[in-house]
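Listed below are the residues making up each chain.
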Amino acid sequence: MFDQLSLNILDIGMNSLAAGATVVRITVIEDVPHDQLLIRIRDNGRGMDEKTLRDVLAKNASTKAGRKKPIGLGLALLRQTSEMCDGAFRIQSAPGKGTGVTASMRLSHVDRPPLGDLNATIFALCAVNQDADVQLHYRSGDQKFHFSSQEGKHNEPRRTQETQGKGAAAGCAA
Amino acid sequence: MKTPILVQLQPLMAALRAEQLTNNRPETLTGCYISDLLSDVLAHAEPGMIWLTIQTHRNVVSVAATKDIAVVLFTCGRKPYAEVIAEADEEGLALLTTPLTTFEAAGKLWEAGLRGKNGHE
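From first to last, the protein sequence lines are chains A and B. So for the first sequence, the working numbering puts the first residue at 1; every next one is plus one. So for the second sequence, the working numbering puts the first residue at 1; every next one is plus one.
These are calculated hints, taken from the structure and not from any lab test. Incorrect hints may appear among the rest.
[Said to hold, decoys possible] A few chain B residues that face chain A, going by a derived Cβ cut-off under 7 Å, partial list only:
#1 35
#2 39
#3 54
#4 59
#5 84
[As the list claims (entries may be wrong)] If the Cβ cut is set under 10 Å, some of the chain A residues that face chain B in the computed set are:
#6 76
#7 79
#8 84
#9 113
Just so it is clear, CB atoms sit at the ideal spot from N, CA and C, and this is done for glycine as well.
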């Protein structure tokens with residue numbers, strides 16, 4: 001457990017990037033009428049084989065295999081938080097097919113950590129791999145927010161050559 | 001960094017009204033850390049310490065093993081599931097439980113001479 005859910009997201013997003021993902025899609029939905037918070041992190045990284053996935057789920061954070069490195073502890077911590085807050089945790093992964101992690105929790109649960117600084121999490125992920133497309137899809141009631149770190153980037157380079165100043169500025173903003 | 005003051009665990013068992021859950025139990029403790037937030041324990045606990053918590057999730061064993069914590073003391077009479085105890089035994093970690101609250105148990109440990117991080121008072 002981290003004291004902010006955004007740290008869980010950062011941790012898992014970092015794993016996505018470490019797994020070679022070029023797209024990391026983070027979805028956060030605050031559903032007040034249903035008293036649910038949903039967090040999903042989906043990537044197109046190399047994914048996990050059945051054994052690794054089983055270890056992550058069943059053995060949690062096994063510290064075996066020589067080095068005392070908490071492999072998979074991040075997922076284990078999010079799972080614990082999710083289950084502690086009356087939610088569910090799911091992970092889907094296959095080699096070459098990326099990984100998807102979904103954690104829900106009861107929004108009003110007293111032990112539910114605050115979301116925390118989601119901006120800083122997205123910023124950090126963008127900084128770690130500037131070529132990857134880090135996306136945030138946030139929804140709370142009627143409010144929606146979408147962000148993609150590559151938005152405009154693919155179209156901009158061509159325009160950059162035509163109108164240099166403008167293109168460069170747009171590149172920075174992205 | 002101060003040399004930690006080593007405190008014998010055996011004489012403390014009665015004062016703590018502690019029940020031993022695992023087969024293994026260390027002789028001595030180097031200090032104590034208290035937190036129910038696992039990432040906080042990862043950041044601050046030191047090897048050989050006794051960790052007081054009300055969390056009984058299996059992640060407690062993973063965190064304790066990662067930080068080479070000697071003993072986890074569950075307070076307020078909390079007990080983890082049998083699988084968690086088995087995992088602790090595998091990792092060579094000792095688990096205890098006490099009916100005392102965290103504050104009360106911490107008081108007993110302090111009285112016995114146990115101190116915190118880097119032996120700080």
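For each hint, the structure was consulted:
1. 35: violated (10 Å)
2. 39: This hint holds: residue 39(B) lies near chain A, its Cβ roughly 5 Å from the closest one there, short of 7 Å.
3. 54: violated (11 Å)
4. 59: holds (5 Å)
5. 84: violated (10 Å)
6. 76: Residue 76(A) check passes; min Cβ-Cβ to chain B is 5 Å, inside 10 Å.
7. 79: holds (8 Å)
8. 84: Hint holds; residue 84(A) Cβ to chain B Cβ min 8 Å, cut 10 Å.
9. 113: Cβ of residue 113(A) sits 9 Å from chain B, so the hint holds.
In this structure, the hints that do not hold are numbers 1, 3 and 5, in rising order.
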